[in-house]
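Engineer: With chain D fixed as given, assemble chain L with the ligands onto it according to the hints.
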Amino acid sequence: MKFTAALTLEGSPHMRSGATASAIMWQVNLALVPALGWGIWSFGISALGLVLVTVTASVATEWLITKWQGKSPCISDGSVVLTGLLLAMCLPPALPYWMAVCGAVFAVGIGKHAFGGLGQNVFNPALVGRAMLQAAFPSALTTWTMPFQLDRFTQFHQASMTRPLASAIVDGVSSATPLGAMKFDGVTTDAMQLLVGSVSGSLGETSSWLIVVGGIYLALRHMLNWRIPVSILLVVALLTTVFHIWQPDSYPTAGFMVGSGGLMLGAWFMATDMVTSPVTANGVWLFGAIIACLVVAIRFWGGLPEGVMYAILLANAMVPLIDRFTQPRVFGRRS
Amino acid sequence: MLATFRHGIHPPSHKTAAGSAIKRMAFAEELSVPLGQHIGSPARPLVREGEQVVRGQMIAEADSFVSACIHAPVTGTVSSIGWLPTPQGNRVRGIRIKSERGASQDQMAFEPHPILDSGEDWMRAVSRSGIVGLGGAAFPTHVKLKVPKGRQIDTLVVNGAECEPYLTADHRVMLEWTQDILNGAKRIATVIGAKKILVGIEANKFDAFQHLKESADGDVAIELVKVKYPQGAEKMLIHALLDRKVPAGGLPMDVGVVVSNVQTAAMIERLVVKGLGLVERVLTIAGDAVERPGNYLVPIGTTIRDALDFVGLKSTCDRVVLGGPMMGQAIADLSLPVTKGTGGILALSQSHHRSVQACIRCGHCIEVCPMSLNPALLGRLARVGAHKELAQNNLKDCFECGCCAFVCPSHIPLVQLYRQAKLNARKRAVVG
Ligand code: SF4
Ligand code: SF4
Numbered sequence: 289m290k291f292t293a294a295l296t297l298e299g300s301p302h303m304r305s306g307a308t309a310s311a312i313m314w315q316v317n318l319a320l321v322p323a324l325g326w327g328i329w330s331f332g333i334s335a336l337g338l339v340l341v342t343v344t345a346s347v348a349t350e351w352l353i354t355k356w357q358g359k360s361p362c363i364s365d366g367s368v369v370l371t372g373l374l375l376a377m378c379l380p381p382a383l384p385y386w387m388a389v390c391g392a393v394f395a396v397g398i399g400k401h402a403f404g405g406l407g408q409n410v411f412n413p414a415l416v417g418r419a420m421l422q423a424a425f426p427s428a429l430t431t432w433t434m435p436f437q438l439d440r441f442t443q444f445h446q447a448s449m450t451r452p453l454a455s456a457i458v459d460g461v462s463s464a465t466p467l468g469a470m471k472f473d474g475v476t477t478d479a480m481q482l483l484v485g486s487v488s489g490s491l492g493e494t495s496s497w498l499i500v501v502g503g504i505y506l507a508l509r510h511m512l513n514w515r516i517p518v519s520i521l522l523v524v525a526l527l528t529t530v531f532h533i534w535q536p537d538s539y540p541t542a543g544f545m546v547g548s549g550g551l552m553l554g555a556w557f558m559a560t561d562m563v564t565s566p567v568t569a570n571g572v573w574l575f576g577a578i579i580a581c582l583v584v585a586i587r588f589w590g591g592l593p594e595g596v597m598y599a600i601l602l603a604n605a606m607v608p609l610i611d612r613f614t615q616p617r618v619f620g621r622r623s
Numbered sequence: 175m176l177a178t179f180r181h182g183i184h185p186p187s188h189k190t191a192a193g194s195a196i197k198r199m200a201f202a203e204e205l206s207v208p209l210g211q212h213i214g215s216p217a218r219p220l221v222r223e224g225e226q227v228v229r230g231q232m233i234a235e236a237d238s239f240v241s242a243c244i245h246a247p248v249t250g251t252v253s254s255i256g257w258l259p260t261p262q263g264n265r266v267r268g269i270r271i272k273s274e275r276g277a278s279q280d281q282m283a284f285e286p287h288p289i290l291d292s293g294e295d296w297m298r299a300v301s302r303s304g305i306v307g308l309g310g311a312a313f314p315t316h317v318k319l320k321v322p323k324g325r326q327i328d329t330l331v332v333n334g335a336e337c338e339p340y341l342t343a344d345h346r347v348m349l350e351w352t353q354d355i356l357n358g359a360k361r362i363a364t365v366i367g368a369k370k371i372l373v374g375i376e377a378n379k380f381d382a383f384q385h386l387k388e389s390a391d392g393d394v395a396i397e398l399v400k401v402k403y404p405q406g407a408e409k410m411l412i413h414a415l416l417d418r419k420v421p422a423g424g425l426p427m428d429v430g431v432v433v434s435n436v437q438t439a440a441m442i443e444r445l446v447v448k449g450l451g452l453v454e455r456v457l458t459i460a461g462d463a464v465e466r467p468g469n470y471l472v473p474i475g476t477t478i479r480d481a482l483d484f485v486g487l488k489s490t491c492d493r494v495v496l497g498g499p500m501m502g503q504a505i506a507d508l509s510l511p512v513t514k515g516t517g518g519i520l521a522l523s524q525s526h527h528r529s530v531q532a533c534i535r536c537g538h539c540i541e542v543c544p545m546s547l548n549p550a551l552l553g554r555l556a557r558v559g560a561h562k563e564l565a566q567n568n569l570k571d572c573f574e575c576g577c578c579a580f581v582c583p584s585h586i587p588l589v590q591l592y593r594q595a596k597l598n599a600r601k602r603a604v605v606g
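Protein sequences appear in the order of chains D and L. Reminder that position 256 of the first sequence reads as 544 in this note's numbering, one-by-one numbering, no gaps. Reminder that position 417 of the second sequence reads as 591 in this note's numbering, one-by-one numbering, no gaps.
Extracted from the complex, chain D is given alone in its bound form (with noise of 0.2 Å):
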C-alpha cells in the first residue's frame, strides 16, 4: 500500500462534542448583551465608558498576570472579558472609572489569579472585586444615578471622571434604588418598572426580562445551569410570601423582591458562574437554596438594602463541602 504518513496516536474516544470552554465563555458575553446594552441606554455614555473601563482594565490585568507568571495569556478565552463585564454590570452606573479600574485589577489579580487562575479560584472574580471596592469606596459604591437623562448620551457623568482620590463629587441627580427606598423610606416600586428596568440601580441590574432572556437563551444552549436560578428565585419568591402574608406592612410582596435590585443578575449569571458553583445535580439546588436563605436575612435583617454579592460570595466558600455531601450514588454501589 502506498499509504505510509505517520497515523495520531490518541487514547480514546476519537469523538469529540465539539464543545469547548471558550465557545461556552464567549456565548455567556454574548447572553450579557440585552441587559448591558439596556443599562447604557438608560445611563448612556458615563455607563458604556464604565464597561470599557472594567473590560479594558481586566483584560490587561490579566496579560499582564500571565506575561509574569511566563503563561502564555488566554485573552480570546473570553473569561476574563466575561469577568470584567459582569463587574461592570454590578457597579453604579457613574462609578469613578479610577475605581473601576481598582476594582478590575482587584478581581482579576485577587479573584481570579490569587486562586491559581481559570478554574481554581473559589470567589466568583466579578463579585470579588465589587465586594473590595464596596469595602474600600463604601460611599460611591451606593451613589446611584437617574435612568434617562436627558443629556446621558451627550455628557458625561461628572462623577465618572473623578480624579483619582479626589474628594468624591456628590453628585446633584442621585437617586434612590428600588430596594433602598423600600428600606429606608418603605417605598415599594411597582413591579412593572422593576421588569422592564426603568428604575435606578447597579449598570446591568436593572432590567429584569433582558437578564432572564440572556439567561433562558444560555439554558437552552446547556451553558447555564437553569436549577441554579430556578432555585434562588423561588426561595426567595417563597421566603418572602411567608413573611408577606405574615406582616404585609413592613415585608414586601414576592414579586418586589425577585425583580428588584441585583437579584435577577445574581441569580442568572453571577451564581451560575461554573467554575465558584457546585458540579454535583443536587448541590446547585442546594445552592441556590442557600443564597436565598442569605439574600432575604441580609435583605430584611442586615444593616443594607441589597444581599445578593455578599450571599452569593458566602455561599462560593460552601461549593467544595456542597460538592462533597451531594456526590450522587454510584451505579451498583450501596453507600
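No lab work stands behind these hints: they were computed from the structure. All clues given are correct.
Quick list of simulated restraints, FRET-style, between CB atoms:
(1) D328(L) to W514(D): 38 to 44 Å
(2) A603(L) to W514(D): 39 to 45 Å
(3) L352(D) to H527(L): 26 to 32 Å
(4) P361(D) to N598(L): 30 to 36 Å
(5) V530(D) to Q566(L): 40 to 46 Å
(6) V410(D) to S529(L): 23 to 29 Å
(7) G325(D) to K601(L): 55 to 61 Å
(8) P361(D) to L471(L): 53 to 59 Å
(9) H527(L) to I363(D): 15 to 21 Å
(10) K601(L) to V530(D): 54 to 60 Å
(11) D478(D) to A177(L): 47 to 53 Å
(12) W257(L) to I363(D): 51 to 57 Å
(13) T190(L) to W514(D): 33 to 39 Å
(14) A177(L) to V410(D): 38 to 44 Å
Some chain L residues close to chain D (C-beta under 10 Å, calculated; not the full set):
(15) R180
(16) C491
(17) G498
(18) R535
(19) I540
(20) C577
(21) Q590
Predicted, not measured: the structure shown is a model, and the values here were computed from it. All C-beta atoms, glycine included, are put in the ideal place defined by N, C-alpha and C.
Structural biologist: Chain L with the ligands in isolation, oriented as in the chain D frame:
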C-alpha cells in the same frame, strides 16, 4: 418511552454502512494469527513451520481452561511461528500462514461429528470451536457460560444494542443471520438454565428488531431500547431491560443474568454443531477516510493494512482505530492483525486539533457518566497521582466508556488519565 439507563450521551451515529450487506473479504497473501487473541493464556501451537494447513484445521489448542483454540483461517503453508505486535504495544506469539493461490473458502470441520449429549460436552465443543465474546471483550465463551454451582441464572440477554457510532456489523448480522442468532441463543439458554431470553436492540435498528420479532417464536422476547451511548455496555443494557443493577465490581451473574453478543450467539449456531472453528468474523470498516465502507466477513489474521487495502484508503487518513470511536484504540502499526475481538476498523481524517484547557467545573462530565462517578474529580486526582483518593472515589468502577471526555469542553484527556492511574495502581499493587 423506551427503556434505558441514566445519563449517557448522544454522539452522531455515522452508521452509514448499515445498508451494505455482509461481504467476504478476499484472502491476503499472508495472514498473521496471534496465539493470544482472547483474555486468558495463549493457545499452544499444534503445527510447525513449513507445515501445510487447511482452512478450519485446528492449529493451536487451548492451553488451560481460560484460553481458546485457534483454527487456520486460510489454506496454505505455515511460513513462521514467531512474535506478532499487539495494539497494546507488547508482543505475542503467533503463526504466519502463507495463503495458497486460489485458496478455497470452504472450511474443513476439525471434528466432523462432535458429541453434544450433555451440557458439558457442549461446553467443550464451544471451547474447541475457539469461540470468544465477539462484542469486543474476547473473553472465551465457554468460560463466560460456566455457571458456578449454586448460582441461578434466569435470563439470557442477547446484546444487539451496538451503540458505538460507525459500527453496523451486529446490525447486519441481525438482518442476515437472524435464525442463527435465535437458535444460538436457545442453545446457550439451555446450557446455562435460563428460562427467559431477551434480545435488546437500540431503536435505530428498527428493521433488525422487526426481522427478529417476525422470526422469533414465543420463547424469545425482542425488546427495543433507547438510542443512547453506552446502551450496549452490559451493565447498562441489563439495567434497561430488567431494571437490575449489577453490583460494583460484580458480574451479570450476580443478578442472575448472562449476556451474549448477537454475533457470538450466531457463531455458536453456525459452528459448534458442525464442528467448525472460528476462522473469520463480521466487522465494520468505516470512517471518512475509507473508500468503500461496509461490513465484511474478514479472515482472522488479515492485517489491518491488507483489510484497509481491500476497502480502499484515502490519503487523508490520519488515524486508524480498532473498535468503535468511543472506546476503540488508535494504532500506528498497520501490520497488526484482525483478531477475534476486533469489532471494527475505522480510518478517520484529521479532526482539527483542540488544545487542553483548565477544568471550568461545568459539571457536564458528571451529567453524562453512566456509572454516576465524578469524572472531573477523578481527572484532577489522577493528574496528581492521588491513589488513595482515587480509590475512595471509585475509579475502578469506571469502564472507560469515554462519555466524560466526549462532552468535556476543556478537552481534558480524562480517559487517558484514568487508564494511566489504573495502570499505576496495578503496578503499586504488584510492588506491594
Ligand atoms: S469513562 Fe469512566 S468516568 Fe468517564 S463517563 Fe465513562 S465510566 Fe464515567
Ligand atoms: S466536563 Fe471537563 S471542564 Fe467540565 S467539569 Fe468535567 S472535567 Fe471539568
